Amino acid sequence: MPHVLFTPVLTLTTVSAPTPLHTLLPHSTPRLRTRSVTDARNPAMTLLSTRATAAPPPRPRARFRLRKEALVGWGFAGPFVAVFGLVFLAPIGYALYLSLFQDRLIGGTSFVGLDNYGKALTDPRFWEGLTRVGLFLLIQVPVMLGVALLVALAIDSGRLYGRTFFRVSIFLPYAVPAVVASLIWGFMYGTRFGLVGNVNDAFGISLPDPLSPSLVLAAIGNIVTWEFVGYNMLIFYAALKVVPRSLYEAAAIDGAGEWRVVTSIKLPAIRSALVIATIFSIIGSFQLFNEPSILQKLAPNAITSDFTPNLYTYSLSFSGQQHNYAATVAIVMGVLTAIIAYAVQLRGMRKG
Amino acid sequence: MRTHITRRLLGALAVVSTLALTATACGSDASDGGGDSGPKDVAAALEKGGKVTVWAWEPTLKKVAEDFEKKYPKVDVELVNAGTGDKQYTALQNAMAAGSGAPDVAQVEYYALGQFTIGKSVEDLASYGAQKYGTTFTSGPWNAVTEDKAVYALPMDSGPMAFFYNKKVFDKHGIKVPTTWDEYVEAARALHKADPKIFITNDTGDAGATTSLIWQAGGRPYRTDGTDVTIDFGDEGTRKYTATWQKLLDEKLVAPISSWSDAWYKGLADGSLATLSIGAWMPANLTSGVASASGDWRVAPLPQWTKGDKTSAENGGSSLAVPKAAKNKELAYAFTEFATTGAGASARVTAGAFPATRADLESKAFLDTAFPYFGGQQANRIFAESARNVGEDWSYLPYQVYANSIFNDTVGKAYVSPTTLTDGLKQWQEAGVTYGNDQGFTVNK
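Residue numbers (our numbering), protein chains in the order written: chain U, 96 to 447; chain D, 382 to 826.
Next comes chain U alone, as it looks inside the complex:
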């Protein structure tokens, strides 16, 4: 049963494979933006609404036809709605339902209304985790996106030698599953038998232990950056490819230098790609789970069971038998993530 509970979290886990694809298609990002603005002016929409308001009181025949049309419509939409309801809405509904109860070892299950929410909002362990991923977000995401942008601009500049090799090798870590990546890095971080230990031995120095409590968040940030720079680079590069080359020529004729081209043409042109990458990264940060969960085996005292909100819900539910409270924490976290991602989207899109 608790597996169901985790579905909403897992479906969104970091940047899952299917989502990014459409952003890689040329023109797709600008179109996304225009669509939301021109919705009201959409001719098809206007046609529909005129018909709805101008239609005379429906005669039996017309009503029958309408109902038939509706049925046909449902025939098309039905399979999607069924799957959507089953794998998307049902788990959320079930998590909401679970969050209203309390199951105790003594006394069994009882309805507690919104008590769990009150508890979550005042739970220091939850806020500690949230603060930690917040800090992670503020530092790791700008670094990762900055590096990705730099690489994308370098590749796009056309001045890079071995461009394809460079592009592929930077993207390659994204193809490594997060669990494997964490294991690889976990071995390298080892101060005894790992790379850090070897470096220490070879040069007779003593590097600080990356898995100590004060450094472990940075160590995780390093893994996540390694994993996702290539992915974000590809988003930016795809957006840059769409910019018409003639603009650069015009800029060159006007005497603009390379830096001016970057700030005045390239960056504004890929603005929506930047916003989307940021939103994905925010969601990814808030859902940090794989990396700390794997490294926990190596650094059990540095990575606590409430290190990130997701890890906290996991341990609440799987070792604490507190499915109801875990569902509550997951929902609160989901809502917070949605609010912050939405705020960033509004802000990012407005100035464009």
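Quick caveat, the hints were computed from the structure, so don't treat them as lab data. Keep in mind it's a predicted model, so treat the numbers as computed, not measured.
What the simulated footprint calls covered on chain U by chain D, stretch by stretch (three residues with Cβ under 8 angstroms from a Cβ of chain D suffice, anywhere in the stretch; the number is not a length):
#1 199-207
#2 285-297
#3 384-396
#4 410-417
Glycine residues also receive a C-beta, built at the ideal position from the N, C-alpha and C atoms.
Please arrange chain D on chain U, whose structure you already have, making use of the hints.
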């Protein structure tokens, strides 16, 4: 148009939620029948035959299952590895809550059994006649599975603690094998001084090891009486443990390597981890996991808190329990009985398990077994002696699985920060009190 869609979506959501509600409602009311069948029914059930599903990760059960099927051809035993330790308990708890899919027999470690007995989710085997085995098993394991007249599981193996040490390393540096924990600290200093790469042992905070050593030192931090629970890490036994262990941590004499990690196995093999204080089930792990150090290691009695004592403690070990949700309880009991007593138990001991049965512990063949890994030492004699001297009256929390899962959040701080072990244990105690009260127990009130 838009509101229309929203309304429809909300409608769909409502329908789906309702479905989810009904589904859970159906799931939770699977009732269990009473378990008042005597030994007679067991014989009849064996006659009739059927299928027994066993959830266990203990490798020696495979042979037992085959033997059982041979003896009772109409019974079909299905052995399932549903995960090790808490993974299996989670699956078990879920199956019990769901009312379907629970096994007929489940392996449960002693420290975790309380979680299932308190929820009354395992059968009281006394009604099948299990009380008669009171003297069959050694006292530690038997105490762990019984409560007053009730028998909630039958002991499958045990883990009386012993001291495993790398003789080659000790000899090389001319260090005496410690018999008390004070000598142990001295040996730790001497070894580390002789070769800074050598540590007396590894420790990154392990709830099982810590509670076992407190147990040996005479501490009894947990008391459970029904739903009244007391947690107190301030007693004298606990203080003895923290005083000694704090020295090891302060002087960085224990290696910051987690047990069962790659680095741990490497350290045990190359001599940089010189000793282990661990359960008697360890030899099989050494033989397979640290094969290259064969001949280097020896076994000695656990160092003592007071010179001349012989006190020991249990570390690990598990039992077989019959969930209330089992479909075929009589057959389940028959299998449990077969696997834990008599010929079944002996067969498992032959296959490498450490016995919880007195007869096997005292058998000459068992005691005389020479371990080539330990240079021909008859290590079982030390283990058997330890089993006889396990401190009495220890009990775990009814929610020890959860408590252990947050051990490193609290006590773990003592390993990586200036927090002391005493403070760490105090925080662990507080977290345990909060959780227990939340769960409906009356803790420290």
